[in-house]
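Got chain V sorted already, so can you dock chains W and F onto it with the hints?
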Amino acid sequence: MIPGSYFFILSVILFVLGVIAFFVKRDLLTQFLSIEVMLNAGNLAFLAFARALNSLHGQVIVFFIITVAAAEAAVGLAIILLIFRQKKTIKSEDMNLMKG
Amino acid sequence: MSYFLFFLLAVVCVGAVLGMIFSRNQAYNALLLVLAFAALGGIFGLLSAPFIAVVQIIIYAGAIMVLFIFVIMMINLRVGIPAEKKKWTIYLSVILAVFLIVEVIIAAKGSFQALAAPGGEEIASPKALGNLLFTEYLYPFEITSVLIIAALVGAIILVKKKEKG
Amino acid sequence: MTEIFWLIPFIPLFSSFLLAIFGRALPKKYISFQACFAVFVSFIISVISFFGLLQVSQESYPLLKTLFTWIKSGSFSINLSLQLDPLSAVMAMVVSGVSFIIHVYSVGYMTEDKSYSRYFTYLNLFTFAMLLLVMSSNIVLMFVGWEGVGLCSYLLIGFWFERHSAANAGKKAFIVTRIGDLGFLLGIFFIFIHVGSAEFTAINEAISGGVITQSLATLIALLLFMGAVGKSAQIPLYVWLPDAMEGPTPVSALIHAATMVTAGVYMVSRMNLLYTLSGTAALVVGIIGAVTAVYAATMALTQNDIKRVLAYSTISQIGYMFIGCGVGAYAAGMFHLYTHAFFKSLLFLSAGSVMHALSGELDMRKMGGLRKYLPFTYPAFLIGAIAIAGIPFLSGFFSKDAILTQAFAQKQYFIWALGVFGAILTAFYMFRLIFLTFHGNERLEPEAKKHLHESPPVMTIPLGLLAFFSIIAGYIGLPVVFGKRLNLFSQFLEPVIKPVHEPHLSIQTEWLLILISVAVALLGIYIAYIFYIKKPKTPHTLNAKFPFIYRLLYNKYYVDEIYNAVFVNPTIRGSEIIYDHFDLKVIDGALNGSASVTGLSGKILSYIQTGLIKDYALVFLFGVILFLGYLLF
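Protein chains in written order, with my numbering: chain V, 9 to 108; chain W, 6 to 170; chain F, 9 to 641.
Okay, chain V solo, but in the shape it has when bound (with noise of 0.2 angstroms):
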């Protein structure tokens, strides 16, 4: 029985990783991708606990978690698409409209 801090180690470390990610990125699509790993690494945190409790309210959640993921994936990819559309690139330094 593996126990479950090897779990949530690795999910802290999945999740350092995507943080990571985001931000030595320059293209907007990859750091969207480093969300995505970052949600997935919250996931294992989750199911980890939950076998430890033993309780399944925690699959549960993890079950919503990847279902909103997907709606919101759906949605960034078709933003990020008028974005590139709009502007020709996706270099993230390009998107400074807000500035000042």
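Quick caveat, the hints were computed from the structure, so don't treat them as lab data.
Glycine included, C-beta positions come from ideal geometry on N, C-alpha and C.
Keep in mind that the hints are not guaranteed to be accurate.
As the list claims (entries may be wrong) - Using C-beta positions, here's what the derived DEER-type ranges look like:
(1) F:Q617 <-> W:F9: 45 to 53 angstroms
(2) F:G607 <-> W:I74: 34 to 42 angstroms
(3) F:K593 <-> V:K96: 54 to 62 angstroms
(4) W:A32 <-> F:Q617: 28 to 36 angstroms
Relative to chain V, chains W and F alone:
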């Protein structure tokens, strides 16, 4: 046995994400992440959550990432985008990330005891999950379905080309 | 019968309030009716309360009525509470009665004025403030009334504010009395520290209980007297009263003759236990009163403005009241206050009638021989003059004589002598005024002579009323020679004004003193007669022989000029310097500075808004870490 499986999957997952970080090609990024999510699905299975594991693979690795790949194809960037020019942001974010790890681990230190406890070895059957889903979580369930429809409609409307005339 | 006494101040207040809001839209006739009626109702209630008071036993004095708690902070609390006792009852009747008569007079006097409603608003407000002053049961509320009358005095002196001299006179009155009020406030503070309460009953208990030592009493008494000196126009803070004649004549009659200026005397009488305890303070009061009485009378000798003569006369007469208080004869001082209210307001209103007849002329050099043209005003004026001169059988005689006799009995011979000398001067300048205005050759301007007319009944009837009271008011306070029992006035006030031990004078001495008072009065009148009727050249020859004295008196001892040079101009100059260096540079600088700092910091902070999500996310991450750290540690 399960330890070996766990470490294998964990290494694959982390390695894939690292690869995503270092790779410049977006298609490679997406594909590596498909791998990562698949491995994650396996790990979910190790956590006595078979249903979730399958859902993860079908929806996340299967649907969402495919969506990403579609978009990558549509955007059709030939040139890879180099990594961040301002190096200092990278260093700063790494440092901050380390901080974050440390803090979170400290925060969760107390619960390591609880985590190590022998949890339920019973496999969470879809039946039990479904039971919970349709009784206690019925309301969020229905709302989520509405949410998905809204996202669907929203995405379509956003991307629709304006009709001429 | 006495339960409603607390309404007395508030009816005029209500009327004033209504006039303030609606006055412009109301017809003149209604305004006159409402204003006069309000004061009349107050007067009726004060008379009823007076009679009710007589029926109540003396142990229950003073009758208190607390309306609500005004200030409460820890152990410090001041209530809005009024009290009815002999002293306040007498003052309430005098104030409301004379105020009513003057309101009626004003209806005629101010009938052409364009700010009719504003006048009556202020006049009603003043009546309220003065009634509050005399009826309050604690010294802080009295101070509220004190300041209220000061404010109304400012408003009414500067009533015709388009005239520079009037506006300045109003300012001067307010500022000079403010200086006195500083002393008053300090006195109140000391009282409160040592007594713990501001109620008069508590203060009196503290004094008789020994909580207040003699030296403390002296300090407090002198501080409070500072306020009285300002408000009652004694030396050295009298300079505002002559200038206050810029206001309408009924205002001068009400405020600067009958009521406001007597507030100081009322205050000293109210605190009589304090002044009796501290002999030094009483002596100071007496001496300042006596010196002022003579000093002001000397200045009245040479004035040509009919109202200024009366103004200096007021200052002088209040000096007499303070003589009374200073020698321990507080009842005598109050008695003089009461009779003076009648004959001084009579004199002022008559002067107003003369001015009205002459279309506003007030220089006596341009009058003369008006006796035959003003058949009502002349006798009224004459009665007032006789009363103030102290001729027997009129009220002024009884009150002035009471004061001087007491002064002599208390062995204050210097004060007594000054009082007698002042009596000569009083008789002289009053009859100088009468002779110059009503007798002798006519020196009128031709324009004025054309419109010469007696005043309408709405003005002469009040004159008649006041003249009547000037004659009979004195009979309730007959001198001791006729038997102690007959001095109803001081007997009535005894519960409030504890009589100081009166040394016994023999009957002969008393009659001698009375004779001296009468003699000096007649002497003064005779000298005036010589100067202005028999040998009219006498004043001119005297002035020629002693030009220095004449100029000194005529220019009021140059006191105004001295004050200007020593106090006023340096203050103005100092203020201007402070304005340039401090106000403009520091305060405005700080204000503009803080504005520019805000602008600058805004500009700097705008660099954070780069518009790039990555930067925002970085900050976000940083914030999350900080927050987590805070939660953990």
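Now the hints, each set against the structure:
1. Between F:Q617 and W:F9, the C-beta spacing of about 51 angstroms keeps the proposed range 45 to 53 angstroms intact.
2. Between F:G607 and W:I74 the beta carbon distance is about 51 angstroms. The supplied range of 34 to 42 angstroms is therefore violated.
3. In this structure the hint that F:K593 and V:K96 lie 54 to 62 angstroms apart at CB holds, the actual value being about 58 angstroms.
4. Checked against the hint of 28 to 36 angstroms, the C-beta distance between W:A32 and F:Q617 comes to roughly 34 angstroms, which is consistent with it.
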